[in-house]
Amino acid sequence: MIDLKLDHVSKRYRIRREAEAGAARNPLVRKLQSLRQRSEQFWAVRDVSFEVARGEALGIIGHNGAGKSTILKLLSSITAPTSGEITINGRLSALIEVGSGFHPELTGRENIYLNGSILGMRRRRITEKLDSIVEFAGVRQFLDTPVKRFSSGMYVRLGFSIAAHLDPDILLLDEVLAVGDAAFQAKCLQRIGDLKRAGTTIVFISHDLSAVERLCDRVVLLRQGEVIACGAPHDVITQYQNTAVAFQSSQPPREEMANQQKLVEIGRLAFRDAEGRETSVLRAGEPFTVSLGFTAHERIADAVFEVFFYSADRELQCQCTTEVIGGRVALEPGAGTIEFSGQGLGLLTGVYYTDVVIKERGATEFFDWSQWDSAALRVDPGKLVRGKFYMPCEWRLTQESEADTAAAETTWT
Amino acid sequence: MSPDISSNTITDATARETAPRRVTVIRAPSLSLSGLTGGLVKLAQYSDLLYTLSVHRIKVRYKQSLLGVSWAILQPLSLMLIYTVIFSFIERVQTEGMPYAVFSYVALLPWTYFSTSLSNATNGLVSHQELVTKVYFPREILPLSYVIAALFDFAIASTVLAGLMIYYRIGLTLNALYAVPIILILTLLVTAVALFLSATQVRFRDIGVAMPLLLQLWMFASPVVYPLSAVPPGLRDFYLLNPMVGVIENFRRAILQGAPPDFRSLGVSALIAVVLLPAAYIYFKRVEATVADII
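Protein sequences appear in the order of chains Y and X.
In the numbering used here, each residue's number is its place in the first sequence (first place is 1) plus 72.
In the numbering used here, each residue's number is its place in the second sequence (first place is 1) plus 29.
No lab work stands behind these hints, which were simulated from the structure alone.
As the structure is a prediction and not an experimental result, all values here were calculated from the model.
Any given hint could turn out to be false.
Unchecked claim - Keeping only pairs whose Cα atoms sit at most 30 Å apart, straight-line, the calculated DSBU-like set for lysine-lysine is:
(1) X:Lys-163 <-> X:Lys-92
(2) Y:Lys-268 <-> X:Lys-71
(3) Y:Lys-268 <-> X:Lys-163
Model the full assembly from the supplied sequences, consistent with the hints where possible.
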């Protein structure tokens with residue numbers, strides 16, 4: 073049973089150019105000219121076809137501007153395709169940027185009815201679900217307060233809560249999970265999981281590759297409005313990551329650091345797993361090696377090597393550095409390799425971009441800097457723990473045994 | 030933080046299978062009659078939204094305003110007082126024997142309904158950009174909700190007319206019932222113009238800027254402050270092409286004079302309304318298809 077079918081769907085946008093400098097002087101004439109002027113065309117989505125079966129969760133991934141949001145807008149009828157046909161079998165609801173339908177003067181209760189109806193719910197159904205909506209959002213005591221007095225957190229929670237109670241046949245999810253605190257996010261994910269188990273067909277559009285991999289049965293990869301891969305989440309996500317690196321290095325280089333003197337040059341950055349195999353995928357909590365090649369062109373008395381790990385949103389997560397561990401690093405001219413290794417990788421599931429710096433201790437000038445151009449690393453679930461990172465630790469159990477006078481002791485690392 | 034939401038709020042798969050599902054097909058937009066019926070079906074599905082949004086318009090307008098609902102009365106009442114001062118003291122207008130206050134107020138009622146609807150509804154799409162680009166619902170609900178809110182104001186303001194008629198000892202006859210079909214024709218007309226203007230306003234914001242002037246001209250081209258009989262007979266056929274003429278003149282006739290409407294002028298208005306409404310709706314639906322791209 074196919075719930076959703078896109079058949080050669082394309083969407084063209086027209087971008088109107090600003091009038092050129094040599095245009096007519098009279099503003100009215102110029103206006104008329106600009107209306108007649110031919111506009112540039114831009115295909116946001118081009119000849120896209122795919123199907124989603126009932127109860128299936130499909131992920132759509134791709135870079136910004138690859139056409140993900142346009143597909144979402146087409147599916148939810150916000151805008152119409154330029155050509156092609158979309159067939160939807162059942163009630164479809166989109167969970168995009170919640171809370172946009174709130175009116176500040178109205179109370180929480182009135183806004184639940186207003187927002188619920190905007191999302192296509194019947195008033196009777198809203199009345200039935202009112203308690204559950206309020207409970208989920210945790211705003212019971214503010215139900216009859218105008219929402220302009222709500223905190224931003226309450227606003228967002230109430231918005232999501234209404235949308236989460238839509239109970240559609242087909243659910244479209246955008247980057248909605250990026251709202252609220254961690255506890256609320258966990259609750260949202262649980263809710264989506266419940267909907268999926270109840271047989272809801274889901275289309276999930278996200279940058280959070282680990283969430284896509286957890287939730288989806290199949291993934292579509294978009295590039296410049298076209299489908300370039302479709303298949304098992306793990307395969308498609310790996311392919312995306314490979315293109316992600318290529319995409320990054322094809323970007324024009326940033327402005328060179330003025331003080332950059334390449335006395336030592338960065339070579340190749342590679343990762344090795346517990347068995348010593350080279351890989352682009354490591355597992356959380358398991359042994360790892362980060363190996364960095366370099367070429368020194370001069371004798372360096374005290375060099376520092378640094379590898380930075382950034383999350384997909386370009387936030388620095390952690391660092392391997394020779395600055396704080398071990399002694400002085402003296403380099404002779406020639407090529408070499410420096411390896412960082414550990415017993416338990418601290419990074420949890422996700423995709424990380426790396427950045428490499430080689431500098432002299434205490435100096436503000438770098439010998440070389442990769443400018444976020446190094447290899448991307450994916451971390452898969454290994455020893456999966458809750459929280460933000462894996463903390464390597466040992467444990468030891470001590471217990472008084474009744475049978476034996478000697479204390480039983482177990483140690484594990 | 031809060032209890033686990035039980036899955037009983039989710040319809041389970043077996044219950045889903047039994048209910049028949051509606052199949053929707055989305056294609057490139059086109060101007061067509063099938064779009065008209067499809068649009069009406071969707072509109073019926075969202076009738077609760079139209080209701081909620083109209084109530085919301087009324088509530089928001091009067092929440093945090095000191096005079097509350099009396100604003101609905103104040104607007105036509107103050108206009109009536111101004112016109113009464115001008116046209117019965119400064120420049121005497123022939124009113125077929127009626128006191129000028131009630132003569133003008135009875136015409137200002139349908140006129141205020143018309144002008145309030147249009148000046149609000151024209152901005153209906155543009156002022157809800159954040160909704161229009163993020164959620165789908167039949168967009169005509171936005172201008173329509175303003176029309177319904179204005180109809181509510183019309184009902185409130187009508188109470189003052191009753192007061193005036195008691196004061197001037199003007200009795201109603203059975204012919205006053207003709208007011209119902211007349212207001213219906215007016216509503217069709219308002220809806221048609223509101224749909225057309227709100228859709229056009231998305232691309233050409235000039236419409237919104239021109240609205241106050243346009244409405245002012247339109248009012249003086251309608252028999253609000255003067256009677257139809259004041260129009261030179263040679264111009265009258267041309268004058269009747271303004272659909273508001275048939276509506277306002279006949280509303281006044283039915284209520285104040287207790288006479289049956291002039292079916293010729295009312296017929297012209299009805300014909301214009303009935304032709305205009307489907308055309309405006311098809312046009313609106315065509316614009317709707319890509320409104321999120323250009324708004």
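(message) Run the distance test for Lys-268 of chain Y versus Lys-71 of chain X: straight-line Cα separation, threshold 30 Å.
(response) With a Cα-Cα distance of about 27 Å, the restraint between Lys-268 of chain Y and Lys-71 of chain X holds, given a limit of 30 Å.
(message) With the threshold set at 30 Å, check whether the alpha-carbon distance from Lys-268 of chain Y to Lys-163 of chain X stays at or below it.
(response) 23 Å, holds
(message) Can you confirm whether the C-alpha distance between Lys-163 of chain X and Lys-92 of chain X stays at or below 30 Å?
(response) Holds: Lys-163 of chain X and Lys-92 of chain X sit about 27 Å apart, inside 30 Å.
Checked against the numbered hints listed earlier, the structure breaks none of them; every hint is satisfied.
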